[in-house]
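One line per chain: the protein sequences are A and B, in this order.
Numbered according to the numbering used here, the first sequence spans residues 1 to 316.
Numbered according to the numbering used here, the second sequence spans residues 317 to 811.
There may be inaccurate statements among the hints.
Subject to a maximum C-alpha distance of 30 Å in a straight line, what follows is the list of computed DSSO-like cross-link-like pairs (lysine-lysine) [as the list claims (entries may be wrong)]:
1. B/Lys763 - B/Lys589
2. B/Lys589 - B/Lys638
3. A/Lys158 - B/Lys808
4. B/Lys638 - B/Lys443
5. B/Lys789 - A/Lys158
6. B/Lys443 - A/Lys61
7. B/Lys762 - B/Lys808
8. B/Lys394 - B/Lys756
9. B/Lys459 - B/Lys443
10. B/Lys394 - B/Lys709
11. B/Lys443 - B/Lys394
12. B/Lys756 - B/Lys461
13. B/Lys638 - B/Lys762
14. A/Lys61 - B/Lys709
15. B/Lys597 - B/Lys492
16. B/Lys492 - A/Lys61
17. A/Lys158 - B/Lys638
18. B/Lys763 - B/Lys650
Partial list, computed: chain A residues near chain B (C-beta under 10 Å) [to be verified]:
19. Ala50
20. Ser53
21. Thr110
22. Leu114
23. Phe145
These aren't lab readings, by the way, just hints derived from the structure by calculation.
C-beta: ideal position from N, C-alpha, C; glycine also.
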Amino acid sequence: MINFFFRRLFTFVLSLALASFVIFSLVEIAPGDPASFMLGINAQADTIAALRSELGLDQPKISRYLAWISGMLTGDFGVSYTYRTNVSEMVGDRLWVSLPLAIYALFLSTVIALPTGIYAAAKRGKAGDFTVISATQIGIAIPNFWFAIILVGIFSIKLQWFSAGGFSGWQNGILDGITSLTLPAIALALPQAAILSRIVRSALIETLGEDYIRTARAKGLSSWQTIWAHALRNALIPVLTIIGLQFSFLLAGAIIIEQVFYLPGLGRLVFQAITQRDLIVVESVVMLLVFAVILVNFIVDIAYMLVDPRLRQDGI
Amino acid sequence: MKYHFKLLLAASILAASIGIQTVQAAKTSITIALQLEPPHLDPTSAAAGAIDSVLYSNVFEGLTRFASDGAVIPGLAKSWEISDNGKEYIFHLNSSVTFHDGSTMDASDVKFSLDRARAEDSTNAQKALFSGIENVEVISSDKVKVTLASPNGSFLFNMAWGDAVIVAPETVGEIKTNPIGTGAFKFSNWVQGDKIELLRNDQYWGTPAHLESATFKFISDPSAAFSAMMAQDIDAFAGFPAPENLVQFEADNRFQVLVGNTEGETILSTNNKMPPLDNVKVRKAIAHAIDRQAIIDGAMFGYGTPIGTHFAPHNPDYVDLKANSNYDPELSKKLLSEAGFSEGFTTTLKLPPPSYARRGGEIIASQLRAVGIETEISNLEWAQWLEEVFRGKDYGLTIVSHTEPMDIGIYARPEYYFQYDSSEFQAVIEALNVESNTQKRSNLLKKAQRIISEDYVNGYLFELAFPTVANAKITGLWENAPTQATDLTDVKWTD
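Given the sequences, and given the hints that come with them, work out the whole structure.
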């Protein structure tokens, strides 16, 4: 068991080290120099050289890589080339938008997907099932930014219930913050809900074919009672896995939605940083996201081990 | 009751989301949107026009400044004397000018700012503006003498740029996040990725601003810009990014649309050293293959002024040379066969992100195809464009708007990315640089325009238009963009 833990820990650290190397190399290979970008087309060569040395870009790549790694180990993510503020500070600020948005969207997606998925599974092959399947097909087919534009057209321009974008900040009260995140969260949640709803449906249909369900029905439980008391709980395991995956997608993948609603989130930060060749920001934010995903995987592995005795014996 | 509640809810959401008084009669604040966010707030160490869009004239001022019509007028210097040899400028500074931190702005700050910009380790993106300065000397607290190595007819013009604003040595260390200037507005707050807030400077030395506060929002997505304006989340959008929607705003009496001119010559830049583009006949053939109006209509929805040389049409010294390159595909084909390319040829067309380039590029490609020239289009990000095209000179054709004012001098730099090397043209610019007589300067500028037009250095397409959409009740916004600026000093609400 200890052996298993250490093996997993070793994989965890190795993945991080590899990821850091890949991220750094890719970002460095990409054409474009931050100093030339900042100084534009009229800059003189000596000015660009002066800025490059101010930014530390004249150092060899290997020493910049090592400085970046050792900085991160001590919690120092470096200073943004363009904004000239600490990357950790910037990421912290942006997380206050991206994290609530991801949680909000995940909440909406789950609230929509669970009932519709259960309903479709219960009505398998009937009109209700067909309706849900068609709706989710549309939900999967339509990209979230298009939903966003439609939502803005109806609720901001026509009805003027919500502002068309922007984030008013949490300092004006939680309600205010939630209001400005509502349309983006709905736009993000709808396609996710469509996917999740299908997973719920198929997972539930699969469990409904199990022997213990027949037993439950045989002892006299109604169809809904069976679903509620026996099937749903077992069907939830794949559903939870998908929800976990969706969360990391929502956290990192809201780039377009943040553009459409001009929200100051992580996605927009990365997008701007890439166009401006703010290499240190790109590297650090991507590394942070990779860290989050690898950490979640690590925790899941450990959790599996705690729950499933077979894993402990085999030491997989 | 239910209806009442709904109304209240809607009203409170609206008020909360906009975050400012929505129903008061005479508003004293404005929310104005721009497409790009400044990377930082130091106009003296970056090329990003977005910095000047927020800070020029509002927060920072220079010795001279641009008026809304592009004229160079007194700024912090109320007057100046120029010595007979044209090398010495004595600037008389306005008295009682203070920085936003309360300290006095005097001749030593001017010396500091100019010396900083031309220093060896300077990171000023327009360092060339200061390269002619030999010495800056403080005569008294309100008098400063600038000595140039040689006479420079555009020195006062150069000092009006956002890159030449006056900063204080005490506060320059923090300038990137906390800019302290002398302008009618002082910097208040920056929520990165979202907005910058300015407050009126009540100690302003000149005419105080009408507005008490101003918020700049940054909305890069064109469809988001349209929605934000339509939903009236913002009061104005300077440099509106979706020309296709302007008609809709014009038809709506809640809004006004200002379409001004800019200093942006949009050109089909040509690599003058890359065969077969090094052949003037080939370049001339390209010029005659291009239908400017079709590009303006197709890519810019009709907004833009056709040009025939690298010069702003609203400038009094502009010469209309469009006839040199009128749309004539037959002539173009003839020229191509004379040059030995009757079967045409293939070259690259590398396009940076702005829509004038991406949309315009497709149209130009089809116009060139009509005369037998095939182009391989590739879309580049700005950073890539700078590296590959601008510095690497690895391109045949590209489309760029050169937004710097009065930049015809770039054609005198043979190492510049279009690699045009003409001793005749270089002599004209050299003469211009040391000429301060207005009439002679004008003649030289006209000659310069003719030379590049007749050498077909680049394809001259159109002068970029600057569209602003604003609430119909706002007055005082700049219509034209003689420099990148959103000057709010004269802006107010009418009611």
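Exercise for the section: Give me the numbers of the hints this structure contradicts, sorted from smallest to largest. Expected result: Going through the list in order, the structure violates hints 4, 7, 10, 15, 17, 21 and 22 and respects the others.
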